[in-house]
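Listed below, chain by chain, are the residues.
Protein chains: 2
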Amino acid sequence: MPTPAKTSREALARIARELVEASGPDALTVGAVANAAGIKPPSLYKHFADRAALLKAVEIDVLRELEAHIRAGTAGTTPKARLKSMAHAYRDFGRAAPDRYRVIYSGNAFIDPEIRAACLFAAQPLFEELRAADVPDDRVLPLSRTIVPFLHGFVLMEIGSAFNLGGDVDEAFEVGLETILAGL
Amino acid sequence: MPTPAKTSREALARIARELVEASGPDALTVGAVANAAGIKPPSLYKHFADRAALLKAVEIDVLRELEAHIRAGTAGTTPKARLKSMAHAYRDFGRAAPDRYRVIYSGNAFIDPEIRAACLFAAQPLFEELRAADVPDDRVLPLSRTIVPFLHGFVLMEIGSAFNLGGDVDEAFEVGLETILAGL
DNA sequence: ACCTGAACACCGTTCAAGT
DNA sequence: ACCTGAACACCGTTCAAGT
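Keeping their order, the protein sequence lines are chains D and Z.
Numbering of the first sequence is given in our numbering, commencing with residue 1 and proceeding in unit increments.
Numbering of the second sequence is given in our numbering, commencing with residue 1 and proceeding in unit increments.
A portion of the hints provided could be inaccurate.
Repeated chains share a single entry, so a pair holds when one copy, or any two copies, can fit it.
As the list claims (entries may be wrong) - With a cut-off of at most 20 Å between alpha-carbon atoms, the simulated SDA-like pairs for lysine to any residue come out as follows:
id : residue 1 : residue 2
1  : Lys40     : Thr78
2  : Lys40     : Thr7
3  : Lys46     : Ala96
4  : Lys6      : Ile39
5  : Lys46     : His69
6  : Lys80     : Ala182
7  : Lys40     : Gly76
8  : Lys80     : Gly183
9  : Lys80     : Val175
10 : Lys80     : Glu128
11 : Lys40     : Arg14
12 : Lys80     : Phe127
13 : Lys46     : Val135
14 : Lys40     : Gly166
15 : Lys6      : Tyr45
16 : Lys40     : Phe127
Hints listed in this document are in silico derivations from the structure and should not be mistaken for laboratory results.
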């Protein structure tokens, strides 16, 4: 007779997610997750292959949430206004929970097909808006590769307190955005 | 009578640096560094407060090297040409040794005064070129905060294999650079 | 002054044994 | 089918003891 399951893959992923968001990736230990789920560490391996698989689940979850946050935050009538509000939504997502943001696009795990798919999913809103803005097909990718690195780099540096030389950081973001979207 | 020193702070930092560059930050363990230096792990604490201090020394070292690499790679007569060559030098520095690049601007340790100073040092070449390009004083900071995030984000994504949708990545870098420097 | 062995708490992970 | 205790190799770190 099988012992009743005390937890589930989903519950464990949720706990892992909360640990990361509250205290950073280092707080995501197999012991802490198991403990919060009311099981012993070895039992966790019936649900996830290893700690990396747990972290991967968190990353995918966060990418899904980012996509939803971006869609919800996109507003305006002109293409440029919509792209700007999208960029602000992206930045706000990072600032709202730095340790949540840090888990995405981290490491060199983009080769993993599931991570890759999740990144692609999160990038869809931008692709759609660029096409809606009548950006030619062969310019969508290069332009995305200007916008996303700027956003990613800006957010990482901001949540890492890298902008510590004074000046208005909000204004700098606006200037950068305006510069990049000037051609539209 | 004091026992003769088998190693030094500098030698340990160099070993740490090599471990990170060759196998990533996770390879930087107190045991591995001590072993390579011919001492036992506890002895390392006579030279560095803890593993974090060792990693910090590596980060500062890499930032110094980045500054030198940028200066050496900056060429051209027009301001825009010089800024472009500078950006290419930055990107090349990251691509040449991804695990070396990953240690800089990582974590949220910008509050640390030594890291802060090293980051400032590495940013000097850009500030100087922007001033030489007659960019008004109050625009140097916002413009830097457009260029550096783009470069940092681009390099991180590139070494993380994030640009895996096809297309010419070199061309994308050029497009992004051209877009950002268009106003000069 | 620097190095060492022994020890501690913690980490991820495996595995045989339980139900 | 899922959970457990015991065990392993490793990690960072402390400390008393050596020279």
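(Q) Of all the hints numbered above, which does this structure not satisfy? Sort the numbers upward. (A) Hint check: 1, 3, 5, 7, 13, 14, 16 fail, others pass.
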